[in-house]
Amino acid sequence: MAEIPDHLLKRAQAAREKAEAQQQAEPEDSASPEKNDEAEATEEEIVVTDEHAEAALTVLERELDGKLLNSHIAPMRGLWIRVAIEDWRFAAKVAKEDLDCKFFDWLSAIDWMPSPYGREHETEQDKLNEEPEDNDQKEMEWGYTGGETRFQLICRVYSISRKIGVMIKADLPDNDPRALSLIPIYPGANWHEREAREMFGLTFDEHPDLRNIYLPGDFEGHPLRKDYPLLSRRMKPWPGIVDMELLPGDDQ
Amino acid sequence: MGLVESGKIPKPLTKLLNMSRRYSMWVYQWGLACCAIEMGAAFASPRYDVMRLGVIPLPASPRQADFLVVSGTVTDKMAPVVRRLWEQMPDPKYVISMGSCANCGGPYWDSYSVTKGVDQIIPVDVYVPGCPPRPEALLEGIVLLQERIMNEDMAERWKGDPIVVE
Amino acid sequence: MATTESEQMAYIAAQAADARVNVEVETNEGMTLNLGPQHPATHGTLRIVAKLDGEKVVAAEPIMGYMHRGYEKLTEVRTYPQVTTLINRIDWLGSFANEVPFILAAEQLMEVEAPPRAQWIRTVLFELSRIANISLFLGDMAVQVGATTPVFYAFRDREFVLNQIERVTGGRFHPNFDRIGGIKDDLPKGWIEETGSVIGKMRDFCDEMEELVLGNEIFQARTRGIGVIPPNVALAYGLSGANLRGSGVDWDIRRDANVGLVYDEVDWKVWTHPDGDSFSRFWVRLQETREACNIIEQLLDGIPAGPIMAKVPLIIKVPAGEAYVATENPLGEMGFYVVSQGDLTPFRVKIRSASFSNISIAPWLLKGVFVPDIISILASLYFILGDIDR
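Chains as they are written, first to last, in the numbering used here: chain A, 1 to 252; chain B, 1001 to 1166; chain C, 2001 to 2390.
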């Protein structure tokens, strides 16, 4: 790696300090999933949206009857629920029939494993202040509604009459990630499931046609898994966040 | 005529032939991504009007085309098709690679599914940089290609075996 | 080489499937028609394999991935400001509109709100890119049913809108102008007046299109009653945008689930059409272009003064959390589901692109239509390949 001029390092350092000071000055508390209330939002807004989401959650709690593992309401932003993978299709059915979620938005998955390749986007100068991370020690962190396994299925459906979007999540078992297809309930799930299979290596039972949708048939690997390497990036690192080059005449 | 194949073509005749080739070119447009719209603006819009350069867009098939504009991202799934269509074109044939993606992969330089440069599969005569290049830039590329054709020695080009790129 | 006739036919069929060019092959099961991946009617590199019985389509299967560029993986190794450069290129006709939902999702996670002036300018540019996008559709749809002239009109008048976008953002196609917490620059001097006159030109363009295309007898014969999508099917397949409203569903994210843009400040109308056929989709888009002109005109009158950037740190680290923000893009609902783990880069970005869902109805819709209707139906669904393949 080429040597970085001191003045650039100083500039980056100053910027980092400023950013950190700013972040400390304004501590944000919404990151933890437990806290639903937002200090900034006005009182009225919270009341209005919570009514929508909470009414929807009440319906789901009643219909799913103990199968609801966890839930989260983000005011103005929708409703997250988590069910067991055995209840995946049932939850979608409940959402469609009892919550009037006729609009199928999308379906996908998340790989919660931290990337074993670390933060490839940073160059050495960006790491100066930080301890080198040991990626093997890093633990999985799940988002809203938590999780237990590496892969999580997500499906978003929307109710036009209630104006509420429901994000349904389900953990997939690590050894054999498979789920029931949603096609009997939402025919639009067909291509989304093909995409999820190809990108994450999941299996959808009762899906009529699980071929690759994007990649050529002989493609190896599942690109959106965190352990799939981007080979070009392994060979040539990204120039970095502070990618400033010396201008002619900028000799210092 | 036999003259060209034998390699004994007189210079004035070369010049005459080159000039007539230069101003009567059919272009096969291979629109792949964003650049296809800028290419469309250059070829189909009254503002840029490519025909004033003696270039005729929209032939019925690559078999009638003199040069090819590859505009946009070439993916690994698409690469065999690009190669195949290029093989269908009659010689002499030329290729303009339009836009960063076709030149080198562009913003997708680290993608798992993008071919980093169309020159890996077919020979390219003119590269037009930009993301996407303006229509004027494509017209400039066409003018450069025409200059190249003007200075070409046809006997040299057609002597020996046909050009094969592995 | 195969000996019997059926073996020969099977061999030719396999060759043709491999060739990926436009061929027709007759086998024992009927005729297979292959359109694309390079075919003018598919707007790029969509390939459609249709099994025919005479002129009737028995089954049609879109095959895509010829434009798959791996956006979702690439966003995981780019910082938040770098991501906007990339996602500009998803729907390349209305590029600015792509940036907005992602930036709004990041702002939601950071709990930053853009100042009013930035929000207004964003909305103006959003609607301008809608005009730039749909005006090309209006011309292109006519090409698909056999009229070549309107597309020249579209390319001519689209340039005016692109010029206006370029004057603000510096980019004709891919502005990369939106920032977390605001926008990059203020409007240049005299821009508002010029845009007013451009809006007048676009109104004329819409009138021209109405006279040229909409009232045309041939156009109506090719589109009326063709490719009818009932509302409940449209919803179950996740159709959005004008395709959904063309089926009579009164649903517009700008009005019903608006986030971060100032559509509440203006007086406008959501257009729907009850028929659900190709004609109604064209009609709804034409009205939407006019409505976009109305919205822009009202917005231009009332852009508030003030700063254009909120206070954000120089190096952007987004706090952990999840956000899903969708906006009503020219093609339909475009949403970004951003999962952050407090890093410089997103942990996972799921891009919900409109065309992918819109075109997923094609196998259902193309069953039983005639061959020429494939073209007009696909054109009326209006997809952009970057938006399908991502």
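Honestly, the hints are just simulated from the structure, not real lab data. Keep in mind it's a predicted model, so treat the numbers as computed, not measured. Hints are supplied without guarantee of correctness; some may be wrong.
Below, a sample of chain C positions facing chain A; criterion: calculated Cβ distance under 10 Å [said to hold, decoys possible]: (1) 2064; (2) 2326; (3) 2356.
Backbone N, C-alpha and C define an ideal beta-carbon position, used for all residues, glycine too.
Exercise for review: May I ask you to test the interface hint for residue 2064 of chain C with respect to chain A, counting a Cβ-Cβ separation under 10 Å as satisfied?
Suggested key: holds, 7 Å
Review point. Is the shortest C-beta separation between residue 2326 of chain C and chain A less than 10 Å?
Key: Result: holds, 8 Å to nearest chain A Cβ.
**Study point:** Cut-off 10 Å, beta-carbon criterion: hint that residue 2356 of chain C touches chain A
**Key:** At 7 Å from the nearest chain A Cβ, residue 2356 of chain C passes the 10 Å test, so the hint holds.
Checked against the numbered hints above, the structure violates none of them.
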